[in-house]
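Novice: Sequence:
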Amino acid sequence: MQSLEWTAMTLNPKIRGWINYYTKYNRDKALRVFLYLNELIRKWISNTYKLRSMVKVYDRYKALVKASPELFYHWKLRIVQ
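So for the sequence shown, numbering that gives the first Met the number 0 puts the first residue at 0; every next one is plus one.
Keep in mind that the hints were calculated from the coordinates and are not lab data. Please note: incorrect hints may appear among the correct ones.
[To be verified] List of simulated lysine to aspartate or glutamate pairs, EDC-like, C-alpha gap at most 20 Å:
id: 1; residue 1: 65; residue 2: 38
id: 2; residue 1: 42; residue 2: 4
id: 3; residue 1: 49; residue 2: 38
[As the list claims (entries may be wrong)] Computed beta-carbon distance windows for the label pairs:
id: 4; residue 1: 23; residue 2: 75; range: 14 to 20 Å
id: 5; residue 1: 35; residue 2: 69; range: 19 to 25 Å
id: 6; residue 1: 68; residue 2: 9; range: 15 to 21 Å
id: 7; residue 1: 54; residue 2: 12; range: 31 to 37 Å
Even for Gly, the Cβ is constructed at its ideal location relative to N, Cα and C.
Start from the sequences, fold in the hints, and give me the full structure.
Specialist: What follows is the structure, given as structure tokens:
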């Protein structure tokens, strides 16, 4: 299984490009993409740490964002919901 840091390093250039291109014309659709990406990150947390409670998954996600807010490029822009 791949680490979250490796995934962030791989996706950050693509995320930066998506933000630069799509937010100029259709901000709402771009925002939905990043909210979906955050959901995928929560699923990764659930599977990696074998958490079945969504409350525990959200707590782990919030702790991860707080510990490293610059891990993903869209987190730097405060798109973390």
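Novice: Let me make sure I understand: some of the numbered hints might not hold for this structure. Which ones are they, in numerical order?
Specialist: Violated: none.
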